[in-house]
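In case you want the letters, here they are:
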Amino acid sequence: MSSINLDSTVNTAAEVSPAHHEEGEHRLVGFIIFLLSESVIFLSFFVGYAVYKTTSLDWLPPGVEGLEVREPLINTIVLVSSSFVIYIAERYLKKENIWGFRAFWLLTMAMGSFFLYGQAVEWAGLNFGFTDGLYGGMFYLLTGFHGLHVLTGVLLQAIMLARSFIPGNYDDGEVGVIATSLFWHFVDVIWIVLFILIYVWQ
Amino acid sequence: MTNISIDALAPERQEPSPGEPENWWRFFTFSTDHKVIGIQYIVTAFVFFLIGGFLAMVMRGELITPEADLVDRTVYNALFTMHGTLMLFMWTFPVLNGLSNYLVPLQIGARDMAFPRLNAVAFWLVPIFGVILMASFLVPGGPSQSGWWAYPPVSLQNPTGNLINGQALWLVAVALSGVSSIMGAVNIVTTIVRMRAPGMTFFKMPVFCWTVMAAQIIQLFGLPALTAGAVMLLFDLMVGTSFFDPAKGGDPVLYQHFFWFYSHPAVYVIMLPIFGVFSELFPVYARKPLFGYKVVAVSSFIITGLSGIVWVHHMFASGTPGWMRMLFMFTTMTISVPTGIKVFAWVATIWGGKLKLNTAMLFALGGMTMFVFAGITGIMLASTPVDIHVNNTYFVVGHFHYVLYGSMTMGMFAALYHWFPKMTGRMYYEGLGKLHFVLAFVGTNLNFLPMHPAGLMGMPRRVASYDPEFAFWNVLASLGGFLLGVSTLPFLLNMISSWVQGEKAPANPWRAIGLEWMVASPPPHENFDEIPTVIAEPYGYGKNEPLTAQQAALQQLASTEVA
Numbered sequence: 019m020s021s022i023n024l025d026s027t028v029n030t031a032a033e034v035s036p037a038h039h040e041e042g043e044h045r046l047v048g049f050i051i052f053l054l055s056e057s058v059i060f061l062s063f064f065v066g067y068a069v070y071k072t073t074s075l076d077w078l079p080p081g082v083e084g085l086e087v088r089e090p091l092i093n094t095i096v097l098v099s100s101s102f103v104i105y106i107a108e109r110y111l112k113k114e115n116i117w118g119f120r121a122f123w124l125l126t127m128a129m130g131s132f133f134l135y136g137q138a139v140e141w142a143g144l145n146f147g148f149t150d151g152l153y154g155g156m157f158y159l160l161t162g163f164h165g166l167h168v169l170t171g172v173l174l175q176a177i178m179l180a181r182s183f184i185p186g187n188y189d190d191g192e193v194g195v196i197a198t199s200l201f202w203h204f205v206d207v208i209w210i211v212l213f214i215l216i217y218v219w220q
Numbered sequence: 004m005t006n007i008s009i010d011a012l013a014p015e016r017q018e019p020s021p022g023e024p025e026n027w028w029r030f031f032t033f034s035t036d037h038k039v040i041g042i043q044y045i046v047t048a049f050v051f052f053l054i055g056g057f058l059a060m061v062m063r064g065e066l067i068t069p070e071a072d073l074v075d076r077t078v079y080n081a082l083f084t085m086h087g088t089l090m091l092f093m094w095t096f097p098v099l100n101g102l103s104n105y106l107v108p109l110q111i112g113a114r115d116m117a118f119p120r121l122n123a124v125a126f127w128l129v130p131i132f133g134v135i136l137m138a139s140f141l142v143p144g145g146p147s148q149s150g151w152w153a154y155p156p157v158s159l160q161n162p163t164g165n166l167i168n169g170q171a172l173w174l175v176a177v178a179l180s181g182v183s184s185i186m187g188a189v190n191i192v193t194t195i196v197r198m199r200a201p202g203m204t205f206f207k208m209p210v211f212c213w214t215v216m217a218a219q220i221i222q223l224f225g226l227p228a229l230t231a232g233a234v235m236l237l238f239d240l241m242v243g244t245s246f247f248d249p250a251k252g253g254d255p256v257l258y259q260h261f262f263w264f265y266s267h268p269a270v271y272v273i274m275l276p277i278f279g280v281f282s283e284l285f286p287v288y289a290r291k292p293l294f295g296y297k298v299v300a301v302s303s304f305i306i307t308g309l310s311g312i313v314w315v316h317h318m319f320a321s322g323t324p325g326w327m328r329m330l331f332m333f334t335t336m337t338i339s340v341p342t343g344i345k346v347f348a349w350v351a352t353i354w355g356g357k358l359k360l361n362t363a364m365l366f367a368l369g370g371m372t373m374f375v376f377a378g379i380t381g382i383m384l385a386s387t388p389v390d391i392h393v394n395n396t397y398f399v400v401g402h403f404h405y406v407l408y409g410s411m412t413m414g415m416f417a418a419l420y421h422w423f424p425k426m427t428g429r430m431y432y433e434g435l436g437k438l439h440f441v442l443a444f445v446g447t448n449l450n451f452l453p454m455h456p457a458g459l460m461g462m463p464r465r466v467a468s469y470d471p472e473f474a475f476w477n478v479l480a481s482l483g484g485f486l487l488g489v490s491t492l493p494f495l496l497n498m499i500s501s502w503v504q505g506e507k508a509p510a511n512p513w514r515a516i517g518l519e520w521m522v523a524s525p526p527p528h529e530n531f532d533e534i535p536t537v538i539a540e541p542y543g544y545g546k547n548e549p550l551t552a553q554q555a556a557l558q559q560l561a562s563t564e565v566a
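Line by line, the protein sequences are chains A and B.
This note's numbering numbers the first residue of the first sequence as 19 and each following residue consecutively.
This note's numbering numbers the first residue of the second sequence as 4 and each following residue consecutively.
Since the hints were derived computationally from the structure, they do not count as laboratory data.
Source: prediction; values computed, not measured.
Ideal Cβ placement from N, Cα and C applies to all residues, glycine included.
Be careful, since some hints might not be right.
[As the list claims (entries may be wrong)] Some but not every residue of chain B turned toward chain A, in silico, with C-beta under 10 Å: (1) A117; (2) L226; (3) T230; (4) S245; (5) H260; (6) G322; (7) T323; (8) P324; (9) L330; (10) E548.
[Claimed, not checked] Far from chain B, some chain A residues (derived; all Cβ distances over 10 Å): (11) G48; (12) F63; (13) G118; (14) Y135; (15) V139.
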């Protein structure tokens with residue numbers, strides 16, 4: 019049988035039956051395939067944004083100069099850093115330090131929530147809406163769809179954290195944790211592209 | 004000798020299995036058995052095929068005279084929109100998902116799909132979005148009238164002003180079908196990548212699995228573009244954004260890019276598994292190994308790769324710049340090379356073979372022949388000058404109906420007849436099957452061939468009335484259409500009566516090689532009592548070559564006994 023090399027599953031392999039271990043790997047492979055597919059939706063929106071920006075005659079709605087970058091930049095730094103924090107949490111779980119895992123996992127959740135809060139504040143302060151021309155439509159579509167992913171990520175993290183309190187739950191491999199972590203990295207990478215597209219390329 | 008061991012390895016079962024009629028209630032439950040889900044998909048899709056076919060009958064009834072006298076133009080617009088939508092989203096994709104669901108785990112020697120519950124959820128979304136789609140007949144203003152491609156700005160019109168309108172329901176249904184298909188694709192690809200039996204390397208895997216995997220990869224990377232376009236269109240229609248609305252500065256051509264980036268490759272999602280079916284059937288009924296197995300297998304992935312760079316040929320007449328037309332003419336024509344390789348391999352497989360012309364083989368031969376014809380007109384359409392001339396005429400309609408009925412649906416019938424004994428444990432009636440084939444073959448050609456001259460003469464598509472000079476071709480097409488409708492009756496009769504009271508099928512009625520034929524008909528709950536170890540390529544007809552280690556051992560045992 020071919021096997022994927024995800025070293026985070028290796029250290030638990032000895033503890034679990036081969037069949038169970040394989041099922042976990044199926045789930046991870048399936049999840050990675052899903053993420054690849056999901057990235058095409060974002061790619062389509064990015065292409066839409068680029069096409070409209072370069073070809074549209076009335077790109078910015080009347081009275082809109084551009085976007086304030088400072089707060090979104092802070093938000094970006096927090097979100098991108100959280101990718102490292104979740105990685106540390108995962109490392110702790112591998113070393114079977116459950117409290118270390120929970121602490122850094124919770125910190126990731128806090129950083130994700132901070133990002134969502136920052137985005138809500140930004141949305142509330144903007145002087146254009148979803149139906150204000152192509153610009154308004156693309157801005158809210160992109161940031162909204164991404165925000166939905168951040169929210170999903172935080173909810174998944176909450177579920178994984180809750181599961182860590184059920185005794186013996188992570189003895190059989192932490193597939194859910196790895197998948198959530200992968201999802202979080204995915205959300206971060208998408209945001210970096212999105213940030214460059216919307217905030218840097220004004 | 005090989006066949007002796009194949010038969011001996013397939014025990015007859017005693018207890019009821021998923022395909023047997025006394026277990027019919029299982030098909031109405033949330034089952035996680037891939038075989039039950041496969042049959043659920045196939046039967047559901049067939050119900051919608053009948054509805055879509057009925058709409059086509061009404062359209063052909065309308066077109067038998069040049070005047071719009073049977074239905075008015077608005078109803079006609081709704082008819083062709085819903086006919087196209089049902090046939091694509093409710094027949095071709097689900098029925099192929101059903102066939103893949105049923106066969107893939109059996110052919111790769113797995114007990115089930117990688118994610119059985121996800122599989123069931125993906126299936127149950129199909130009747131749900133079918134109901135949403137059909138509900139559009141009941142809302143004020145009726146179903147969507149903008150064609151199955153839903154081009155804006157036509158699709159942005161909402162004369163009734165209601166939030167719930169035919170077009171909105173259409174978009175929701177299409178988005179849901181996308182969700183279901185992505186779930187299915189994740190499941191199938193994971194299953195094939197991860198769950199093949201020991202010894203089954205990719206180059207020992209049946210071509211059907213290769214083609215299904217190639218097709219599902221297109222779903223994974225193409226479908227999200229359609230979903231993105233559909234979501235943006237839904238916002239335009241319901242919230243008032245301006246993505247594709249030219250009146251508000253939006254770009255309707257961008258929608259066409261999103262739409263065709265998926266919807267052209269979608270034709271390979273539909274055709275690739277049918278190529279797989281042909282590749283499975285010809286070796287069995289010609290008793291010869293599949294010619295160029297590895298090349299046929301790999302060409303599926305070349306088709307997948309090329310399918311991502313052909314979509315603009317649907318937009319030659321959309322103001323596309325000249326360089327782009329040239330580029331996409333070239334890429335579109337290139338795709339005929341890997342498809343041509345497959346046709347060549349099939350012909351070489353049956354060449355000099357001892358053909359068994361039963362119903363399944365007849366449908367496979369008919370489907371392949373009509374695919375060749377569809378391919379030739381496809382190359383004509385890929386050529387920009389020809390395309391500009393026949394764009395939006397019946398020539399195009401004729402071409403894609405040869406693809407979708409002549410090749411895909413005929414190929415699907417071939418598959419259903421071939422694997423019917425495996426799925427149900429019963430044999431079908433050859434006489435009825437052959438009657439079905441003759442009616443369908445004559446009906447298909449009588450229906451769709453006249454569309455080509457009508458189109459070349461300039462008859463536009465999507466119209467309820469036309470110039471009387473096209474009447475002759477339309478009368479022929481309508482007669483063919485009705486014949487095609489009638490051809491479904493012997494099929495229905497055959498399937499239902501055979502399933503209930505047909506002769507009991509042995510495990511391997513066609514003496515085929517392939518893991519699915521080594522288990523009882525219908526297969527037991529988890530397919531294999533013991534997971535086989537595969538040692539040979541799957542098409543060793545006439546090579547006296549055991550497919551699995553178990554067979555090899557059995558064969559050796561048999562020869563020892565003889566000695």
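Consistency of the hints with the structure:
no.	hint	result
1	A117	holds, 4 Å
2	L226	holds, 7 Å
3	T230	holds, 6 Å
4	S245	holds, 6 Å
5	H260	holds, 8 Å
6	G322	violated, 13 Å
7	T323	violated, 14 Å
8	P324	violated, 13 Å
9	L330	violated, 18 Å
10	E548	violated, 23 Å
11	G48	violated, 4 Å
12	F63	violated, 6 Å
13	G118	holds, 32 Å
14	Y135	holds, 25 Å
15	V139	holds, 23 Å
In summary, the structure is inconsistent with hints 6, 7, 8, 9, 10, 11 and 12 from the numbered list given earlier, while agreeing with the others.
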